[in-house]
Amino acid sequence: MLELALKGSKRYYGWIAFLLVLIAIGFAAYVNQLTVGLKTTGMSRDVSWGFYISQLTYLVGLAASGVMIVLPNYFHSYKTNKHMVIFGEFMAIAACVMCLLFVIVDIGQPQRMMNMVFHPTPNSILFWDMIVINGYLFLNLLCGWTCLQADRQHLPHPKWVKPFIYTSIIWAFSIHTVTAFLYQGLPGRHYWLTAILAARFLASAFCAGPAILVLVLLVTEKVTTFKMPKNALSTLVKIIMYAMCINMFFFLLEVFTAFYSNIPGHMHPLLYLFEHASTGLVTLMWTFVVFAAISITLLVTPRLRNNLKLLPWTLAMLIIATWLDKGLGLLIGGFNPTPFDTITPYWPTGKELLVSMMIYSIGALIVTVLFKIATEVKEEVGHSQKLPCGCSSEDTCVCSSEDDCGCVSEEAAAEA
Amino acid sequence: MKNSRRTFIKLAGIAAAGLAVAPKKALASEGHAPVKPNSTAIHAEHWAMVIDTTKLHTAEAIDKLAGVCHHIHNVPHIEGKQEVKWLWHDTYAHTFPEQENPHLAEEVHERVFPLLCNHCENPPCVRVCPTKATFQRPDGIVAMDYHRCIGCRYCMAGCPYGSRSFNWGEPRLGLDLEKLNPEFPTRMRGVVEKCNFCVERLAVGKEPACVEASEGAMHFGDLKDPDSEVRKVLREKFTIRRKPSAGTEPSVYYII
Ligand code: SF4
Ligand code: SF4
Ligand code: SF4
Numbered sequence: 071m072l073e074l075a076l077k078g079s080k081r082y083y084g085w086i087a088f089l090l091v092l093i094a095i096g097f098a099a100y101v102n103q104l105t106v107g108l109k110t111t112g113m114s115r116d117v118s119w120g121f122y123i124s125q126l127t128y129l130v131g132l133a134a135s136g137v138m139i140v141l142p143n144y145f146h147s148y149k150t151n152k153h154m155v156i157f158g159e160f161m162a163i164a165a166c167v168m169c170l171l172f173v174i175v176d177i178g179q180p181q182r183m184m185n186m187v188f189h190p191t192p193n194s195i196l197f198w199d200m201i202v203i204n205g206y207l208f209l210n211l212l213c214g215w216t217c218l219q220a221d222r223q224h225l226p227h228p229k230w231v232k233p234f235i236y237t238s239i240i241w242a243f244s245i246h247t248v249t250a251f252l253y254q255g256l257p258g259r260h261y262w263l264t265a266i267l268a269a270r271f272l273a274s275a276f277c278a279g280p281a282i283l284v285l286v287l288l289v290t291e292k293v294t295t296f297k298m299p300k301n302a303l304s305t306l307v308k309i310i311m312y313a314m315c316i317n318m319f320f321f322l323l324e325v326f327t328a329f330y331s332n333i334p335g336h337m338h339p340l341l342y343l344f345e346h347a348s349t350g351l352v353t354l355m356w357t358f359v360v361f362a363a364i365s366i367t368l369l370v371t372p373r374l375r376n377n378l379k380l381l382p383w384t385l386a387m388l389i390i391a392t393w394l395d396k397g398l399g400l401l402i403g404g405f406n407p408t409p410f411d412t413i414t415p416y417w418p419t420g421k422e423l424l425v426s427m428m429i430y431s432i433g434a435l436i437v438t439v440l441f442k443i444a445t446e447v448k449e450e451v452g453h454s455q456k457l458p459c460g461c462s463s464e465d466t467c468v469c470s471s472e473d474d475c476g477c478v479s480e481e482a483a484a485e486a
Numbered sequence: 026m027k028n029s030r031r032t033f034i035k036l037a038g039i040a041a042a043g044l045a046v047a048p049k050k051a052l053a054s055e056g057h058a059p060v061k062p063n064s065t066a067i068h069a070e071h072w073a074m075v076i077d078t079t080k081l082h083t084a085e086a087i088d089k090l091a092g093v094c095h096h097i098h099n100v101p102h103i104e105g106k107q108e109v110k111w112l113w114h115d116t117y118a119h120t121f122p123e124q125e126n127p128h129l130a131e132e133v134h135e136r137v138f139p140l141l142c143n144h145c146e147n148p149p150c151v152r153v154c155p156t157k158a159t160f161q162r163p164d165g166i167v168a169m170d171y172h173r174c175i176g177c178r179y180c181m182a183g184c185p186y187g188s189r190s191f192n193w194g195e196p197r198l199g200l201d202l203e204k205l206n207p208e209f210p211t212r213m214r215g216v217v218e219k220c221n222f223c224v225e226r227l228a229v230g231k232e233p234a235c236v237e238a239s240e241g242a243m244h245f246g247d248l249k250d251p252d253s254e255v256r257k258v259l260r261e262k263f264t265i266r267r268k269p270s271a272g273t274e275p276s277v278y279y280i281i
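Protein chains in written order, with our numbering: chain A, 71 to 486; chain B, 26 to 281.
There could be a bad hint or two in this list.
In silico DSS-like cross-links for lysine-lysine, where the CA-CA straight-line distance does not exceed 30 Å [to be verified]:
1) A:Lys-80 - A:Lys-308
2) A:Lys-109 - B:Lys-106
3) A:Lys-379 - A:Lys-308
4) A:Lys-109 - B:Lys-89
5) A:Lys-149 - A:Lys-456
6) B:Lys-268 - B:Lys-61
7) B:Lys-257 - B:Lys-231
8) B:Lys-262 - B:Lys-249
9) B:Lys-157 - A:Lys-109
10) A:Lys-421 - B:Lys-106
11) B:Lys-231 - B:Lys-80
12) A:Lys-109 - B:Lys-257
13) A:Lys-232 - A:Lys-442
14) A:Lys-308 - A:Lys-232
15) A:Lys-379 - A:Lys-421
Derived CB-CB ranges, DEER-like [claimed, not checked]:
16) B:Gly-272 - A:Leu-212: 19 to 25 Å
17) A:Phe-319 - B:Glu-125: 32 to 38 Å
18) B:Gly-272 - A:Tyr-82: 53 to 59 Å
19) A:Phe-329 - B:Ala-84: 46 to 52 Å
20) B:Tyr-171 - A:Glu-345: 37 to 43 Å
Derived from the structure by calculation, the hints contain no laboratory data.
The beta-carbon is built from N, C-alpha and C at its ideal position, and this holds for glycine as well.
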C-alpha cells in the first residue's frame, strides 16, 4: 500500500518538501548537540530534564488517545466510529515514533542506548517505559496496517488480529500510566509525588489527544475527500469534554491537598509556577487556567459544542491549556524548588527548540504519509466520503439533495 | 571401603557447593578480569561518614576539602548552573530544608555545611537507573560505572539531595591538564558523576581524601561494627541526617 503515498498533488509534495526542510534544519542543530554535548540546552544540575522529556510526556498522551476511538468501536460495538479507527491508530504510530525520538535526543550517550536492552533493569521505570512505547508502536502498526489492507481488498478484518486489537486497547492505558510512574515514584519531588498523577495523565491524554486528532482530521477533510461521520465526531467531542472536566477536577484536587494541608513541599511548586516564577512562566500558567476554563465552558454548552465553526478554536485552546499544564508546568514545577529549596529557572534554548521542531516535523511527515494512504484507500472503497450536501457517506443523512443542507445529524438534532 | 565412600560423598558435596557458588561469583564480578584484591584494602559491612560540623563549618575549610577531592578525582571546574561537583558547601537552610526553624541558634544558622553523596542505604538513584550504571556495592557504597551510563539523568531526578552532576559538555575542557591526577580516570561528556566515597583509596587501605584532610572533623568507618569509630561518635554525639522523610537512610551523619 505504500505506493499510495508516492502519487500526490503538487500541494502534497510541496508540504512534504517543506517538512523535509524543517527536518534538515533541526537535524543540523542535533548534529551540533551531538558534537558539543547537551550543554547546548537550558538544562542544568538542578533541572536535569527539560523540553525533550516534557514533549515525550505530552506525546505519550497523544499516542494513548487513539484508544478513545478504538475502544467504543470494539468494546461497545459503537460502529459509527468504524471508519475513523485507522486514523487513531496511525496517529498513535506517529506519536510513538516521536516519543522514542525525544528519548534519543535527550540522552547524553545515544550510542550506548542499547545498554537498556543489554542490561534490562526491571526496577527502573524507564526500562518499562521503553517496553510499553515500543510495544504500542508495534501493536498499532500491526493492527492498523492489517485492517486497512483487508478493507482495501473488501475483505472482513482477519480474526487473528482481534486479540491484538484488544491488547492494544489495554496497552494504551498502560503506556500513560507507566509514563506517569516515571515521575510519580521519586522522593523529594513533591509536585510529582502524588498518587493521582497517573490518573491526571490519563485524563489529560484523553482530552488533548482526541482534540489534536480532530484538528488533524479537520485539515484532512479540507485536502481530501474524506469526511468524518457527524455522529462519530460529536461522540468524540463529548469524550473530550468529559476528559477535560475530569482533568481539571484532578488538578483542583492537587491544589486543595497542597493548600489545605499547608505542607510546604506541596505548596511551593504551585506557588512557584503561579506566583514567583519569571513573569513569562507565570503568565503562561495563568493562560493555562484561563484557556482551560474557556474551553470547558464552550464544550459543556451543547449549542457551542456543536458549532463546527467554533470547534477548532475550542480545541486549539484546550490543546494549549493541557500542553502548558502537562508539557511545561509539570516538569518545571517538579524540579523547582530544587532539593535545596532554591530556584534554578529553566527555559529551553533555541537549539533545543530546533531539535524538537525536527522531531515534530518527522511526526507530521509520518502522519501525512499514513493519513494519505488511509484516505486513498477509503476513497477507493468508498468509506466516509463527502456527500454533495456536506455530510459523510456514513451519516444517516437527512438532507434532501437540492437543500443546501443545514444538515444536522440525528443526534445533534435531538440535542438542539 | 566405607571410608572411601564417605570421602566421595564429601567430595561430591564440595563439588556441588562449588557449582552453586561459582556462577554466583562469576555474576558478582560481572565478567571482569579476575583481579586479586589488594591485600591492604580495608573492608566494612557498611561504610558511613560522620561530619562534626562544630569543627568543620567554614566555607574556606570545606572548599579546601572540595579542592582535594576534586583534584584527585579530576572533577572539572565549570562555572554556572551546569557545574560538576562532588563535595561542596551550603547553608543550614539548604542542607536541612525540612529541619529549619526561625529560632535556630544563631551560631548554627551561620555555619555552612559540607555536602556530598549520602551513599544512602536505600538509594533511589540505584532504583531508577535503567542500565545498572549506578549500583550499590555490598559495602553500601553507591558507585557508578561511567562506561555504562547512557546519560538519561533519571538518577538526578531521583536523588532527593542533588548529589549528582552531569557532564553537559566536554569535562576535560574544565580540567587543568598539567595538574591531572593520572591515577584516576577523567570522564567523557554525556555521563553522570558523583562522590564515590573514595573507593579507589579504600581499595589500597587509605581513608577517603576529604576525611584524611579534615584534621579530625570527619570520621569514617563501619556502621555495622559496634566498636568502630563512627559508631563511637554516633553514640556520644547528637547527629542528624538530611531529609529523613525521603526514606533513603543516608550514610552521612552530621554532628550539630
Ligand atoms: S545521595 Fe543521592 S546520589 Fe547519593 S546515594 Fe543517595 S540518592 Fe543516590
Ligand atoms: S544517567 Fe546514567 S547513572 Fe543516571 S540513571 Fe541514567 S544511566 Fe543510570
Ligand atoms: S569521600 Fe572521597 S569522593 Fe567523596 S567527597 Fe570525600 S574525597 Fe570526594
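So, going through the hints one by one against the coordinates:
1. A:Lys-80 - A:Lys-308: violated (37 Å)
2. A:Lys-109 - B:Lys-106: With Cα atoms ~10 Å apart, Lys-109 of chain A and Lys-106 of chain B stay inside 30 Å; holds.
3. A:Lys-379 - A:Lys-308: The hint holds at about 16 Å.
4. A:Lys-109 - B:Lys-89: Status holds; Cα separation ~28 Å.
5. A:Lys-149 - A:Lys-456: Between Lys-149 of chain A and Lys-456 of chain A the Cα gap is close to 18 Å, so the pair holds against 30 Å.
6. B:Lys-268 - B:Lys-61: Not satisfied, since the Cα-Cα distance of roughly 39 Å exceeds 30 Å.
7. B:Lys-257 - B:Lys-231: holds (20 Å)
8. B:Lys-262 - B:Lys-249: holds (18 Å)
9. B:Lys-157 - A:Lys-109: holds (24 Å)
10. A:Lys-421 - B:Lys-106: Within the cut-off at roughly 18 Å; holds.
11. B:Lys-231 - B:Lys-80: It holds: about 22 Å lies between the C-alpha atoms, which stays within 30 Å.
12. A:Lys-109 - B:Lys-257: Roughly 45 Å separates the two Cα atoms, so the pair is violated.
13. A:Lys-232 - A:Lys-442: holds (25 Å)
14. A:Lys-308 - A:Lys-232: holds (27 Å)
15. A:Lys-379 - A:Lys-421: violated (37 Å)
16. B:Gly-272 - A:Leu-212: 19 to 25 Å: violated (42 Å)
17. A:Phe-319 - B:Glu-125: 32 to 38 Å: holds (35 Å)
18. B:Gly-272 - A:Tyr-82: 53 to 59 Å: Since Gly-272 of chain B and Tyr-82 of chain A have Cβ atoms about 57 Å apart, the given range 53 to 59 Å holds.
19. A:Phe-329 - B:Ala-84: 46 to 52 Å: violated (37 Å)
20. B:Tyr-171 - A:Glu-345: 37 to 43 Å: 40 Å Cβ-Cβ, so the 37 to 43 Å window holds.
The earlier numbered hints that this structure contradicts are 1, 6, 12, 15, 16, 19.
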